[in-house]
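Chemist: With the hints as extra help, turn the sequences into a complete structure.
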Amino acid sequence: GENVEQHPSTLSVQEGDSAVIKCTYSDSASNYFPWYKQELGKRPQLIIDIRSNVGEKKDQRIAVTLNKTAKHFSLHITETQPEDSAVYFCAASIRGADGLTFGKGTHLIIQP
Amino acid sequence: EPEVTQTPSHQVTQMGQEVILRCVPISNHLYFYWYRQILGQKVEFLVSFYNNEISEKSEIFDDQFSVERPDGSNFTLKIRSTKLEDSAMYFCASAASGANVLTFGAGSRLTVL
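Line by line, the protein sequences are chains A and B.
The first sequence begins at 1 in this note's numbering and counts up one residue at a time.
The second sequence begins at 1001 in this note's numbering and counts up one residue at a time.
Simulated from the structure, these hints should not be mistaken for lab results.
Every residue gets a Cβ at the ideal spot worked out from N, C-alpha and C, and that includes glycine.
Among the hints, erroneous ones may be present.
Unchecked claim - Cross-link-like lysine-lysine pairs, in silico, DSBU-like; alpha carbons within 35 Å at most: (1) Lys57/A with Lys42/A; (2) Lys1083/B with Lys58/A; (3) Lys104/A with Lys1083/B; (4) Lys57/A with Lys68/A; (5) Lys42/A with Lys1057/B.
Stated by the list, open to error - Listing some non-contacts, in silico: residues in chain A with all C-beta distances to chain B over 12 Å: (6) Gln6; (7) Pro8; (8) Val13; (9) Gln14; (10) Asp49; (11) Arg61; (12) Ile62; (13) Ser85.
Modeler: What follows is the structure, given as C-alpha cells:
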C-alpha cells in the first residue's frame, strides 16, 4: 500500500518568514495530494490540494509543488502569520478522496 | 456552509463495552469515511462506504468494527468490544464523489478505561 513520509516533524519560523514542509510517497499511481491544517483539538481542514496533472498550484500565501518523477510534493507558506501555527498533514491517494494515506504531520510554530 | 456533524463529541467507556459513534454527512454527498487519530499521531484511514457497502477498509478495521447507514442521513461506526488502544479521536468525513475533496466532522473523542 501507499506510504507517505513527511518532514520535518516540527518547524519553527519567525513571523513573516517562509515555511516549507515536504512529503514523499511510495505509490507511483497516486494522483491526488491534499494538505490539511489541524488546529489544536479541531478537525483537519483542507487548505490546498494538487492533482497529478499539475506541477504547481498557488492560493494567496500558500502553494504546493509536485514532482511526480521524484514522488515528492511540498507545501510552501509565505509571509507566515501567528494564525498559521497548527499541525499540517500531507496525504496521497490513487483515487481522489478514497483511501487517503496521511503523513505523520508537521507542527508549525510561528515565533512572534 | 454545509457541515459534517458527529455525536457524541466525547464518550468515556469501559473496556469490553460496545460503542456507537454517529455521523450525519453533508446531505448531497455519496461517499462516507471514518478516520481515527490517536492523540498526537497522524490521521489514519479506517473505512470508506459507498452505495450502501464498504468500498475499502484498512487493516485497522478488523472484525470488532462495523459501519452502517441505517437511514438516509446517518452513518455510524460501531466498535463491538472496546480495547484500551481504541482510545482516539474518530473523524467522520464525506465527499460528493470519490474524486472530490473530503470534508471532516469535528470528531468524536473516545476514551476507553
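Chemist: Indicate, hint by hint, whether the structure satisfies it.
Modeler: Going through the hints against the structure:
1. For the suggested pair Lys57/A and Lys42/A, the alpha carbons sit about 26 Å apart, so the restraint of at most 35 Å is met.
2. Restraint check for Lys1083/B and Lys58/A: the C-alpha separation of about 44 Å exceeds 35 Å, so the hint is violated.
3. Using a Cα cut-off of 35 Å, the hinted pair Lys104/A and Lys1083/B holds, with the two alpha carbons roughly 23 Å apart.
4. Between the alpha carbons of Lys57/A and Lys68/A the distance comes to roughly 14 Å, so the proposed pair stays at or under 35 Å and holds.
5. Straight-line distance between C-alpha atoms of Lys42/A and Lys1057/B comes to about 24 Å, which keeps the hinted pair within the 35 Å bound.
6. Here Gln6/A does not stay apart from chain B, with its beta-carbon only about 8 Å from theirs, under the 12 Å limit.
7. Look at Pro8/A: its CB is around 14 Å from the nearest CB on chain B, clear of 12 Å, so calling it non-interface holds up.
8. Non-interface call for Val13/A relative to chain B: holds, since the shortest CB-CB distance, roughly 21 Å, exceeds 12 Å.
9. Non-interface call for Gln14/A relative to chain B: holds, since the shortest CB-CB distance, roughly 25 Å, exceeds 12 Å.
10. At roughly 6 Å, the least C-beta separation between Asp49/A and chain B is not larger than 12 Å, which violates its mark as non-interface.
11. For Arg61/A, the shortest C-beta to C-beta distance to chain B comes to about 20 Å, beyond the 12 Å cut-off, and the non-interface label holds.
12. For Ile62/A, the shortest C-beta to C-beta distance to chain B comes to about 15 Å, beyond the 12 Å cut-off, and the non-interface label holds.
13. Against the 12 Å criterion, Ser85/A stays outside the reach of chain B, whose nearest CB is about 16 Å from its own CB.
Hint violations for this structure: numbers 2, 6 and 10, all remaining hints satisfied.
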